[in-house]
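Top to bottom, those sequences are chains A and B. The first sequence begins at 1 in my numbering and counts up one residue at a time. The second sequence begins at 1 in my numbering and counts up one residue at a time.
Just so you know, the hints here were simulated from the structure itself, not pulled from any lab data. You may find that some hints are simply not true.
As the list claims (entries may be wrong) - Straight line, CA to CA, 20 Å or less: simulated PhoX-like cross-link-like pairs of lysine-lysine:
| no. | chain 1 | residue 1 | chain 2 | residue 2 |
| --- | --- | --- | --- | --- |
| 1 | A | Lys323 | A | Lys78 |
| 2 | B | Lys280 | A | Lys320 |
| 3 | A | Lys323 | B | Lys252 |
| 4 | B | Lys226 | B | Lys252 |
| 5 | A | Lys323 | A | Lys287 |
| 6 | B | Lys215 | B | Lys253 |
Claimed, not checked - Which chain B residues face chain A? A few, computed with CB under 8 Å, are given here:
| no. | residue |
| --- | --- |
| 7 | Asp30 |
| 8 | Asp55 |
| 9 | Gly122 |
| 10 | Pro126 |
| 11 | Ala275 |
| 12 | Leu276 |
| 13 | Glu279 |
| 14 | Lys280 |
| 15 | Asp296 |
| 16 | Thr297 |
| 17 | Phe302 |
| 18 | Tyr308 |
| 19 | Ser312 |
| 20 | Arg314 |
| 21 | Tyr325 |
Note that beta-carbon positions come from the ideal geometry of N, C-alpha and C, so glycine has one too.
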Amino acid sequence: MTSKDSNIGLRQYLDSGGQLVQPLPSHINHRTQLIALYQTLVITRLFDEAAVNLQRTGQLGTYAQSRGQEAIGCAIGKAMLADDVFIPYYRDIATQIQRGVLLEEILLYWGGDERGSCFSQQKHDFPLCVPIATQFCHAIGVAFALKQRKKNNVAVVTGGDGATSKGDFYEALNIAGAMSLPCLFVINNNQWAISVPVQQQTAAKTIAHKAYAAGVAACQIDGNDPIAMLIGVKQALKQIRHDGKPFFIEAVSYRICNHTTADDATRYMQQKALQEAEQKEPLIRYKKFLRQYQDWNDEDDSELYQACQLTVDQAIEHYKNTKPQADGDFFDYMYQDLPADLAQQKQQFLDDLNRHE
Amino acid sequence: MNELTMIEAINQALNNQMRANDQLFILGEDVGANGGVFRATDGLQNEFGMQRVFDTPLAESAIVGMAIGMASQGLTPVAEIQFMGFIYPAIDQILNHAARLRNRTRGRLSCPLVIRAPFGGGIHAPEHHSESTESIFAHIPGLRVVIPSSPARAYGLLVAAIQDPDPVIFLEPKRIYRDGKQAIEDDGSALPLDSCFLLREGIDISLISWGAMIKETLEAATLLAKKGIDVEVIDVATIKPLDINSIIDSVKKTGRCIIAHEAAKTCGLGAEISALLAEKSITALLAPIQRVTGYDTVMPMFKNEQHYMPSSQRIIQAAIHAMEYR
Ligand SMILES: Cc1ncc(C[n+]2csc(CCOP(=O)(O)OP(=O)(O)O)c2C)c(N)n1
Ligand SMILES: [Mg+2]
Chain A
1 MTSKDSNIGL RQYLDSGGQL VQPLPSHINH RTQLIALYQT LVITRLFDEA
51 AVNLQRTGQL GTYAQSRGQE AIGCAIGKAM LADDVFIPYY RDIATQIQRG
101 VLLEEILLYW GGDERGSCFS QQKHDFPLCV PIATQFCHAI GVAFALKQRK
151 KNNVAVVTGG DGATSKGDFY EALNIAGAMS LPCLFVINNN QWAISVPVQQ
201 QTAAKTIAHK AYAAGVAACQ IDGNDPIAML IGVKQALKQI RHDGKPFFIE
251 AVSYRICNHT TADDATRYMQ QKALQEAEQK EPLIRYKKFL RQYQDWNDED
301 DSELYQACQL TVDQAIEHYK NTKPQADGDF FDYMYQDLPA DLAQQKQQFL
351 DDLNRHE
Chain B
1 MNELTMIEAI NQALNNQMRA NDQLFILGED VGANGGVFRA TDGLQNEFGM
51 QRVFDTPLAE SAIVGMAIGM ASQGLTPVAE IQFMGFIYPA IDQILNHAAR
101 LRNRTRGRLS CPLVIRAPFG GGIHAPEHHS ESTESIFAHI PGLRVVIPSS
151 PARAYGLLVA AIQDPDPVIF LEPKRIYRDG KQAIEDDGSA LPLDSCFLLR
201 EGIDISLISW GAMIKETLEA ATLLAKKGID VEVIDVATIK PLDINSIIDS
251 VKKTGRCIIA HEAAKTCGLG AEISALLAEK SITALLAPIQ RVTGYDTVMP
301 MFKNEQHYMP SSQRIIQAAI HAMEYR
């Protein structure tokens, strides 16, 4: 992983048939660890499907699926240390789940409730970021703070391929390089920014090439390969902890779903490309791998699916049973202390509410 | 004459002006094959080609900066910003360049461009998709800021915006994109960019609003009529430059004024209208001017957005209060 090699090649351990294309390093070869990774992939997939169903039945707002891109987020979640800081974008529920954000909190967020960003079990990660690419700038600030406190931790920030067209992305990357900040950039290149294909987004040979201009070491990983992603993110974090410099990963995946539940990809995505991508998606591949190399059988598989489904179902129950916020809560977090003029507005709001009920 | 929704009327106006002006270009995110996330540009790339209707990479500052460059050389760019919440990266270009190019060059260069953006709450959208920050733009000298409130006004005002020689921020109240249809003659006729629209005549109170909030103001007016209160409703529509004279004329007649807007109260456009009324016609007022607005908070996420947005009930209550002054 050096910035010298500008011939970026896609790193892979598992081909789309789940066959190892190179031997697993010894630190990653434990059955429990490999199955734990699978479990995170499955729970993310099941949660995703449940969220779409909730949206379709009017119980959730617009939701951004991560179908087909789960390997990226799961690997990040598994590789990070608890004290590292995660600065996500909206398609990062896989990592959020690994970082201790509760499933019901994720549902609250997409259900239009601010408490979904008030993580009860996770104190320092950022909430999901919607204004594209702005999060990259926060990440370098977080990295600066970590460095300042002489903590050997890393700020991990994610974004999409489309996000790499925006100034904030280049600005943050450049500063990370110039100031030598412990920041890991992971780009989910899912080939689409809503309806715009990545080929129309940039003439750069790869997204990883963009890092070179900023003097930031980079590599490109098969984002549908959970093993390659896990090893790649672990190595990158290790290197950052060692030399304190930023690193950049382009994870190549495919968005085998609509952009969000408000989108209709059939308007712009060719059926053939989608079908091809579905052959390469991470869950099928990983299951084949476990079957071949870890004696994983159908019974094991359905047991794991059932356990994960139960977890998801319980979270949905919690979500549905969550009491609404108190009336006027939206005034209370504007400042540490409610200023007098806002307190008046709040009182007026409550009076009006009572009068009209 | 076709019956069109507001979003269809916008599409129709774009189509009409694309036919009338072969130097008109549409640029933005997802405006091509996808036809815009709300379908405002649906079918336009098919009809006019990839050269004239094109998807840009994801870069709002560059979209507006590029439009400025195009406009300076005689093209007519119509840029779409996908949601108002994502226009802020382009504020630098809008404020420092689009609004100033004519003045800086003493008229040698100018900036005839339109920036369209959907705005406002009420559609259960995700975070950052529901704010109303029109007064940020109204504060910038050199811009026109236009907000339609019906399909017909969307058509006529967009045609006017495209034909105007200066930069126009065209804000589309997405809550009413598909809220009812109106018969529209696709004849390319423009509406004026410098006058309010009188939507309902009345003698007791002048109710001033714009955009989606017109729905609540008209509703309130109907209900108030049943209580014997006769409300005049004015759609400001062109919030910058502001046609204050029409508002003053109305207030001179009614002696009472309520301004309703979805945006936060402090420094919202209601403050400007109120100040102008105080300056120019304070003696005509029988009652204090009232503003019924969003609160000075972040727009709540959608579970609570209805608590933020002014209801017809709040407008009615203000009207009843105003009538206590005689
Ligand atoms: C600054 C900004 N502009 C536009 C949008 C609207 N928008 C939301 S997602 C998206 C496409 C993002 O594509 P990409 O970065 O590739 O991420 P992906 O959704 O594919 O994971 C756009 C244009 C936004 N949220 N923020
Ligand atoms: Mg993408």
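Verification of the hints:
1. A/Lys323 to A/Lys78: This hinted pair is violated, its Cα atoms lying about 32 Å apart.
2. B/Lys280 to A/Lys320: 54 Å, violated
3. A/Lys323 to B/Lys252: Roughly 49 Å separates the two Cα atoms, so the pair is violated.
4. B/Lys226 to B/Lys252: 24 Å, violated
5. A/Lys323 to A/Lys287: 39 Å, violated
6. B/Lys215 to B/Lys253: The given pair, whose Cα atoms are some 23 Å apart, is violated under the 20 Å limit.
7. Asp30: 5 Å, holds
8. Asp55: 5 Å, holds
9. Gly122: 12 Å, violated
10. Pro126: 5 Å, holds
11. Ala275: With a minimum Cβ separation of about 18 Å from chain A (threshold 8 Å), the hint on B/Ala275 is violated.
12. Leu276: 23 Å, violated
13. Glu279: For B/Glu279, the interface hint is violated, since the closest Cβ of chain A sits about 23 Å away, which is over 8 Å.
14. Lys280: 27 Å, violated
15. Asp296: 6 Å, holds
16. Thr297: Status holds, d = 5 Å.
17. Phe302: Hint on B/Phe302: holds, closest Cβ of chain A at ~3 Å, below 8 Å.
18. Tyr308: 7 Å, holds
19. Ser312: 10 Å, violated
20. Arg314: 6 Å, holds
21. Tyr325: Violated. Min distance 19 Å.
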